[in-house]
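Trainee: Could you put together the complete structure from these sequences and hints?
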Amino acid sequence: MKSYRKELWFNVPSRRGFINITPNIETCLKESGIEEGMVLVNAMHITASVFINDDESGLHHDYEVWLEKLAPHEPVSSYQHNYGEDNADAHMKRQIMGRGVVVAITKGVLDFGPWEQIFYGEFDGRRNKRVLVKIIGE
Amino acid sequence: MKSYRKELWFNVPSRRGFINITPNIETCLKESGIEEGMVLVNAMHITASVFINDDESGLHHDYEVWLEKLAPHEPVSSYQHNYGEDNADAHMKRQIMGRGVVVAITKGVLDFGPWEQIFYGEFDGRRNKRVLVKIIGE
Amino acid sequence: MKSYRKELWFNVPSRRGFINITPNIETCLKESGIEEGMVLVNAMHITASVFINDDESGLHHDYEVWLEKLAPHEPVSSYQHNYGEDNADAHMKRQIMGRGVVVAITKGVLDFGPWEQIFYGEFDGRRNKRVLVKIIGE
Numbered sequence: 024m025k026s027y028r029k030e031l032w033f034n035v036p037s038r039r040g041f042i043n044i045t046p047n048i049e050t051c052l053k054e055s056g057i058e059e060g061m062v063l064v065n066a067m068h069i070t071a072s073v074f075i076n077d078d079e080s081g082l083h084h085d086y087e088v089w090l091e092k093l094a095p096h097e098p099v100s101s102y103q104h105n106y107g108e109d110n111a112d113a114h115m116k117r118q119i120m121g122r123g124v125v126v127a128i129t130k131g132v133l134d135f136g137p138w139e140q141i142f143y144g145e146f147d148g149r150r151n152k153r154v155l156v157k158i159i160g161e
Numbered sequence: 024m025k026s027y028r029k030e031l032w033f034n035v036p037s038r039r040g041f042i043n044i045t046p047n048i049e050t051c052l053k054e055s056g057i058e059e060g061m062v063l064v065n066a067m068h069i070t071a072s073v074f075i076n077d078d079e080s081g082l083h084h085d086y087e088v089w090l091e092k093l094a095p096h097e098p099v100s101s102y103q104h105n106y107g108e109d110n111a112d113a114h115m116k117r118q119i120m121g122r123g124v125v126v127a128i129t130k131g132v133l134d135f136g137p138w139e140q141i142f143y144g145e146f147d148g149r150r151n152k153r154v155l156v157k158i159i160g161e
Numbered sequence: 024m025k026s027y028r029k030e031l032w033f034n035v036p037s038r039r040g041f042i043n044i045t046p047n048i049e050t051c052l053k054e055s056g057i058e059e060g061m062v063l064v065n066a067m068h069i070t071a072s073v074f075i076n077d078d079e080s081g082l083h084h085d086y087e088v089w090l091e092k093l094a095p096h097e098p099v100s101s102y103q104h105n106y107g108e109d110n111a112d113a114h115m116k117r118q119i120m121g122r123g124v125v126v127a128i129t130k131g132v133l134d135f136g137p138w139e140q141i142f143y144g145e146f147d148g149r150r151n152k153r154v155l156v157k158i159i160g161e
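Going line by line, the protein sequences match chains A, B and C.
When you line the first sequence up against our numbering, it's residues 24 to 161, in that order.
When you line the second sequence up against our numbering, it's residues 24 to 161, in that order.
When you line the third sequence up against our numbering, it's residues 24 to 161, in that order.
Rather than coming from a laboratory, the hints here were simulated on the basis of the structure.
Some clues are possibly wrong.
Since the list gives no way to pick one copy over another, a pair counts as held whenever it fits inside one copy or between any two copies.
[As the list claims (entries may be wrong)] As a list, the in silico DMTMM-like pairs of lysine to aspartate or glutamate whose alpha-carbon atoms are at most 25 Å apart: (1) Lys152 / Asp77; (2) Lys152 / Glu59; (3) Lys53 / Asp134; (4) Lys130 / Glu30.
Mentor: This is the structure:
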């Protein structure tokens with residue numbers, strides 16, 4: 024069994040944002056030389072997500088509105104976590120969108136359906152944060 | 024390390040529905056001959072889910088009502104994604120229910136608690152869609 | 024490829040609660056002797072979660088309030104699943120928080136960011152319930 028590990032760094036200039044990281048993961052996969060196996064991609068921070076969905080700007084706008092409705096940032100004081108912090112909502116949003124994904128690797132490529140793309144979802148940005156890529160297989 | 028891959032096709036005749044795919048996954052596991060490892064089961068489409076919960080019709084009714092409350096289909100025009108499409112809500116529902124599951128394989132069977140069953144969750148049906156089954160182990 | 028399996032038992036004395044199980048998983052990892060690979064940690068019951076987030080009591084209070092708002096326990100009769108049962112809301116809460124997590128193992132330790140901790144999330148407690156730990160790697 025072979026294994027591969029890499030950290031990817033991101034700095035989203037606003038509080039929230041989505042970045043398509045599929046090309047980064049494809050680069051990692053090539054570096055790994057692994058043909059059959061699984062790749063785990065996860066946010067290493069607990070106010071961010073890695074998820075798979077559509078690379079469509081209208082949908083990303085809708086996600087922003089929807090997540091803000093389900094877990095509003097304001098009023099900041101409504102959360103007990105926000106004692107010297109203001110990111111409790113980000114911990115909620117990350118649970119809905121998920122910590123990470125596991126993707127099958129088949130014949131050396133990400134084994135995806137027609138529209139699947141991997142995103143880094145930032146909910147408390149404006150600082151350097153990391154994504155972990157771990158691949159196991161042969 | 025051995026690996027196994029299969030696509031399962033489904034066509035849910037209504038917009039939304041849940042299908043118990045546990046027997047399909049058990050068949051894949053037998054075909055694979057893998058005794059110890061992990062199986063990844065994921066929707067290959069971004070308006071569908073694979074999740075684990077109870078095979079109980081009352082609960083499935085409750086999920087339908089609950090998901091429609093958290094991410095309503097109507098009004099279709101409230102979503103920017105719905106420009107020539109009407110499935111933005113399906114992209115939301117799928118995030119709550121999840122893209123897929125990873126299940127342990129022990130002694131050649133799905134290593135499940137007493138009530139765990141694997142479901143395909145369709146949120147934009149009436150067409151052929153796929154689930155990926157990838158197994159790695161020995 | 025090596026594999027390791029263990030069941031962890033918990034009994035949360037109230038209906039809902041969160042337990043930091045990171046030390047338990049670290050003990051499993053040491054027992055396994057696996058240096059590179061992945062660990063799957065999942066609730067074996069469908070009214071409980073395993074998730075990764077912050078070990079901060081204010082946040083746990085906020086999760087409790089938030090989940091109760093998104094999937095209220097009362098009125099019990101509003102759920103069709105609650106025919107001789109009262110835990111439909113627990114099946115919803117578990118979907119938001121997730122069934123389980125996959126964590127990378129690198130150089131014999133859980134490959135975590137600075138604040139990541141693994142929690143058992145109980146939504147229908149006051150009885151013995153299990154978490155499965157499955158590790159594969161080398």
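Trainee: None of the hints should be skipped; say for each whether it holds.
Mentor: So, going through the hints one by one against the coordinates:
In this assembly of identical chains, the alpha carbons of Lys152 and Asp77 lie at most 25 Å apart whether taken from the same copy (23 Å) or from different copies (16 Å). Taking the closest pair of Cα atoms, Lys152 and Glu59 come within 25 Å of each other only across two copies (24 Å); inside a single copy the shortest separation is 29 Å, beyond that limit. In this assembly of identical chains, the alpha carbons of Lys53 and Asp134 lie at most 25 Å apart whether taken from the same copy (14 Å) or from different copies (22 Å). For a Cα distance limit of 25 Å, the shortest separation of Lys130 from Glu30 qualifies both inside one copy, at 24 Å, and across copies, at 15 Å.
Hint violations for this structure: none, all hints satisfied.
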